[in-house]
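Enquirer: The primary structure of each chain is shown beneath.
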Amino acid sequence: MLEKALNGGKSYWLWLAGLSAVIGLAFLVYMKQWTFGLGITGMHRDFTWGFYIAQFTFLVGVAAGGVMLVLPYYLHDYKAFGRITILGEFLAIGAVTMCLLFIVADMGQPTRAMNVIINATPYSMLFWDAFVLNGYLALNLIIGWKLLEAERNGVDAPKWVKPLIYLSIPWAFGIHTVTAFLYSGLPGRGFWLTAVLAPRFLASAFAAGPSFLMLLCFLVRRFTNFDPGEKAMKTLMKIITYALIANIFFFACEIFTAYYSQIPEHMAHINYLFGLGDHGHGVLVGWMWTSMALMIGAIILLVQPKIRNNEKYMPFLCLMVFFGTWIDKGMGMMAGGFVPSPLHHYNEYVPTAPELVITVGIWCVGFAVITVLYKIAVSIKEEIKA
Amino acid sequence: MKNRREFLKTAGATAVGVSALSGSAFAIGEYFISSKETKPHAEEKTATRWGMVINTKKLNEEVIHEITTACHTKHNVPDCMTFAEPKDPKRKKHHEIKWIWEEHYHNAFAPDVVEYLSKKLEHTPFLVLCNQCQNPPCVQACPTKATFKRPDGIVLMDFHRCIGCRFCMAACPYGSRSFNFQDPRNGLPDRLPTNPAFPTRMKGVVEKCNFCAERLAIGKKPYCEEVSKGAIITGDLGDEHSEIRKLLEENNAITRKSSLGTGPSVFYLV
Amino acid sequence: MNEKIKIIAGVAIFAVIFTCPLWINMGKAKEAPVPVLAEKAKAAKACILPKDEMRAKHMKILDGWRNSVVRDGQRIHMVKDADGKEKEYEMSLSNTCLGCHTNKAEFCDKCHSYASVNPYCWDCHVDPNAKKEASL
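Protein chains in written order, with the working numbering: chain D, 1 to 386; chain C, 1001 to 1270; chain G, 2001 to 2136.
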């Protein structure tokens, strides 16, 4: 099946070459980080996880979002998703690849990465995160590959794949729950210390993941002869709508708890993010309000079937959801947790240029992985059709 | 016979389980010198739970300067302002390493800040450092047991093992930890340690106050206590007859963020 | 046929790249260096273990030392010498090892660079005999 990836048109190769160029540049910048240390980033003593971990957190959600195709198809026999579950699985592979790269990019001593296995520490949530992410990557690789192979050969997939598919469903919820537990189990971080963090992560994941997938579907439809199907896309839009509403609802719950209880520890972070109060800081204020406007605006549009089901508006709506949740769960989640610091200092964070280049480079790796995998999947679908 | 000299303390499948469940310091494939062949120094200072009392009445700018300088020079803590990179002083400060430093009451004890604070307390400089928690969140967070709690209560860093994930820094509610955003030797005069008897650190690892474990091991007091003119007293919190326990019995002491249940071992007399 | 040429060319290129370290370094073999003993080390006559054992196991011993000191809180290693007499050594790379082997460059670095091993000991631990020339 891999040979399908080597058989593309001019634009395919140009796109991959472009991605490789950016990846190469990012790698050179990473070499600078390798020799100098994480000091080339904008992180500091009071803000120890920055843009890398923000992307990581968001992308775990995108990876988990693939389950929104797998679950209806396999548990509810929702046939319309049958043709595109493979796209969800391959998206998950690309997203988890990026997650793992962001983790490595964020490590101070990347050569010691294996210490997490050698010195396995089950009471550390990071150990579990490494475990579930790698597990999820393996599951999706095996499942995606075997299903596609079976489809190509016109036979049923081997029997042992079924249990793996069923396992991958709770596993998808697991990866994002564990990622939320990285944050929500830390004393003294008022913004993160909330039981609703994991549900909120899942809700935003089930909005962000499918909206990213929708955008990819439009690209696939534009550049290939494969049609993901109108029904599937409409259903995805419905899923995005509900998930986004749940995300905003959970956030509203946070707001209520913080502001009705009026506990300063819990209010201070939200005040900081949205530029309330008189602390005099707020590099993210514009971003946070943009995020809110995008998400709430998207809900207002999405709840109207005429707009939601109109294919002309779909990509636009998905972009709104994607960027809204990206700000909210990326930088918003980091900055909210770290500012103000436990000693109540307002030390803000702004990513540096090298940090942004490395980030873009890792995104490009993800896009390259997704491109190649989608190329394989779509070529095989076209082959079957012909 | 060859294996007598050094041996694998834990090995095989059972050890994986034991190591994982017990949360002990040992891990798969880590070599230790057999405990039959090792011993501590004869003069080693021991305790069941090390603790510290900081008498804020005896703190002033001069004493604080003495303390922080002694600690930082003796532990080869770099001066971030002498880093060549980054150029901007504000960003140099981003790479700051500190083990013990001064904070205002409002910051040290945030969020439990009292209204109408006495003038004295308002202006008293507080020293903050690692609290050597009884129930340390950093130890729980560390995915490699690079941070671990010794039986005598000291929370220690094993720099050989730290992967630089900085989870411990997010977990610590006291901001006691620093990360080496660059080679710390960049901030030491001539790239040489200010105290050659103690190692420096390397880039990419987290560090913090070690309660002068290397000093206790040879029967000496922590540096901070030595130069504190009586403002800092360390001792065994587990021994009810110890000087430190008497001090706590006879005076009003507070700890930082006691509501979090971390069990700080650093007490402040106010 | 066309494919065949491509495959052979590909395999050939791979083989050349894969074996390039051999070609590049051909004829450049150097004799294995012999570590030089410092005066102090000569005078002490014996290390903690016989020479051959030290040569084979010094890295393991140092690994054991660091774990025992940092994680076990032990500081002294008791070793029986050739006559069965117990001797005590402070487990410290900088102070004990380099206290005797005062010539790190000739004793440690020479072999390490020959064997292309790059222990990160010296990122943190200090050569107490190094003066200012240590600055890079």
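Some hints here could point you the wrong way.
Derived EDC-like pairs (lysine to aspartate or glutamate); straight-line CA-CA distance at most 20 angstroms [stated by the list, open to error]: (1) C:Lys1257 to D:Glu265; (2) C:Lys1257 to C:Glu1102; (3) C:Lys1039 to G:Asp2052; (4) C:Lys1045 to G:Asp2081; (5) G:Lys2110 to G:Asp2052.
Residues of chain C clear of chain G, computed beta-carbon distances all greater than 12 angstroms [claimed, not checked]: (6) Tyr1031; (7) His1041; (8) Thr1046; (9) Asp1079; (10) Lys1093; (11) Glu1103; (12) Asp1158; (13) Thr1200; (14) Asn1210; (15) Ile1244; (16) Glu1250; (17) Gly1263.
Output of the computed footprint for chain C on chain G, the stretches with three or more beta carbons under 8 angstroms from beta carbons of chain C [said to hold, decoys possible]: (18) 2015-2029; (19) 2060-2074.
Simulated from the structure, these hints should not be mistaken for laboratory data. From the three backbone atoms N, C-alpha and C, an ideal C-beta is built for every residue, glycine too.
Enquirer: Are the hints correct? Go through all of them and say.
Expert: For each hint, the structure was consulted:
A hinted pair counts as satisfied when its Cα atoms are at most 20 angstroms apart, and Lys1257 (chain C) with Glu265 (chain D) qualifies at roughly 12 angstroms. Only pairs whose Cα atoms come within 20 angstroms are accepted, and Lys1257 (chain C) paired with Glu1102 (chain C) is accepted, the gap being roughly 17 angstroms. Between Lys1039 (chain C) and Asp2052 (chain G) the CA atoms are separated by roughly 26 angstroms; this puts the pair beyond 20 angstroms, and the hint is violated. For the suggested pair Lys1045 (chain C) and Asp2081 (chain G), the alpha carbons sit about 29 angstroms apart, so the restraint of at most 20 angstroms is broken.
Proposed proximity of Lys2110 (chain G) and Asp2052 (chain G) is supported: the alpha carbons are some 18 angstroms apart, at most 20 angstroms. Interface exclusion of Tyr1031 (chain C) from chain G breaks down, the closest Cβ pair being 4 angstroms apart, not more than 12 angstroms. For His1041 (chain C), the shortest C-beta to C-beta distance to chain G comes to about 5 angstroms, within the 12 angstroms cut-off, and the non-interface label is violated. Against chain G, the non-interface label of Thr1046 (chain C) is violated: not every CB pair exceeds 12 angstroms, the least being about 9 angstroms.
The non-interface label for Asp1079 (chain C) is consistent with chain G: the shortest C-beta to C-beta separation is roughly 16 angstroms, beyond 12 angstroms. No beta-carbon of chain G comes within 12 angstroms of the beta-carbon of Lys1093 (chain C); the shortest separation is about 24 angstroms. Consistency note on Glu1103 (chain C): stated as away from chain G, and its beta-carbon is indeed over 12 angstroms from all of that chain's, at 28 angstroms minimum. Here Asp1158 (chain C) does not stay apart from chain G, with its beta-carbon only about 5 angstroms from theirs, under the 12 angstroms limit.
Listed as outside the interface, Thr1200 (chain C) is inconsistent with that label: its C-beta sits roughly 5 angstroms from the nearest C-beta of chain G, within the 12 angstroms cut-off. Under the 12 angstroms C-beta cut-off, the non-interface status given to Asn1210 (chain C) relative to chain G is violated; the minimum distance is some 10 angstroms. Every CB of chain G lies more than 12 angstroms from the CB of Ile1244 (chain C), the least distance being 21 angstroms, so the non-interface label holds. No beta-carbon of chain G comes within 12 angstroms of the beta-carbon of Glu1250 (chain C); the shortest separation is about 32 angstroms.
No Cβ of chain G comes within 12 angstroms of the Cβ of Gly1263 (chain C); the nearest lies about 21 angstroms off, and the non-interface call holds. Counting residues of the segment 2015-2029 of chain G whose beta-carbon sits less than 8 angstroms from any beta-carbon of chain C gives 0, not enough to reach three: the coverage restraint is violated. Figure legend: the segment 2060-2074 of chain G, annotated as covered by chain C; annotation consistent (13 residues with Cβ-Cβ distances under 8 angstroms, at least 3 required).
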